[in-house]
Amino acid sequence: MKQSYLTKLNKITELIFNDSDLIGIIEKLKLELNLSDQPFLGKAIKSISLPFTLPDEIKSVWIFVIKKNTPSISHYHPNSVQHTTVIEGCGKVMIGDKLRDLKSFDSSNENTWYIIDKNLPHEFFPGNEDLVVLSFHSCLPEDLIEVKSKSGCERKYVNEN
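Positions 255 to 415 (our numbering) are the ones given, in order, by the sequence shown.
What the hints contain is simulated information worked out from the structure, not anything from laboratory work.
Hints may be right or wrong, so weigh each one.
Unchecked claim - Straight line, CA to CA, 20 Å or less: simulated SDA-like cross-link-like pairs of lysine to any residue:
{"id": "1", "residue 1": "Lys282", "residue 2": "Phe271"}
{"id": "2", "residue 1": "Lys346", "residue 2": "Ser403"}
{"id": "3", "residue 1": "Lys313", "residue 2": "Ser258"}
{"id": "4", "residue 1": "Lys262", "residue 2": "Lys346"}
{"id": "5", "residue 1": "Lys410", "residue 2": "Asp275"}
{"id": "6", "residue 1": "Lys346", "residue 2": "Trp367"}
{"id": "7", "residue 1": "Lys313", "residue 2": "Val335"}
{"id": "8", "residue 1": "Lys352", "residue 2": "Ile369"}
{"id": "9", "residue 1": "Lys402", "residue 2": "Asp351"}
{"id": "10", "residue 1": "Lys262", "residue 2": "Phe306"}
{"id": "11", "residue 1": "Lys322", "residue 2": "Lys262"}
{"id": "12", "residue 1": "Lys372", "residue 2": "Phe306"}
{"id": "13", "residue 1": "Lys321", "residue 2": "Tyr411"}
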């Protein structure tokens, strides 16, 4: 990953962390997730309202909450490269055939970014608390497709803005 590209993602992530709306978005997603039978829920942050310019490769920014002690179910995105970092919680992530411990975002540590290429199966395994991640995707929110690895079932994420 280019240093300037990572530096830009780090700065954007720090701005998002300092946004007063972030806590409300996360709390709303957690409440909705507790009432849902889904393992995770997400919300796209509208790029037009963000006080920064995304790198050319990034078309959307998402907050996902994954239910504690509940695997996200292995899936892949055929039309997006995913750049993810942890906001809250801990656990593990399987990317392809590699299992990694999740580390919270640290702008000085490149290993707190989890880069997932198109068509690469991945699954998050949260610990004893809900896992909250920030994901940058290389497609527009309305175009993000998830395909479940085992069943091949396909869905588009619904932007709840």
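Against the structure, the hints:
no.: 1; hint: Lys282 / Phe271; result: holds (16 Å)
no.: 2; hint: Lys346 / Ser403; result: holds (18 Å)
no.: 3; hint: Lys313 / Ser258; result: holds (18 Å)
no.: 4; hint: Lys262 / Lys346; result: violated (25 Å)
no.: 5; hint: Lys410 / Asp275; result: violated (25 Å)
no.: 6; hint: Lys346 / Trp367; result: holds (13 Å)
no.: 7; hint: Lys313 / Val335; result: holds (10 Å)
no.: 8; hint: Lys352 / Ile369; result: holds (12 Å)
no.: 9; hint: Lys402 / Asp351; result: holds (16 Å)
no.: 10; hint: Lys262 / Phe306; result: holds (10 Å)
no.: 11; hint: Lys322 / Lys262; result: violated (30 Å)
no.: 12; hint: Lys372 / Phe306; result: violated (25 Å)
no.: 13; hint: Lys321 / Tyr411; result: holds (17 Å)
Hints 4, 5, 11, 12, counting from the list given before, are not met by this structure.
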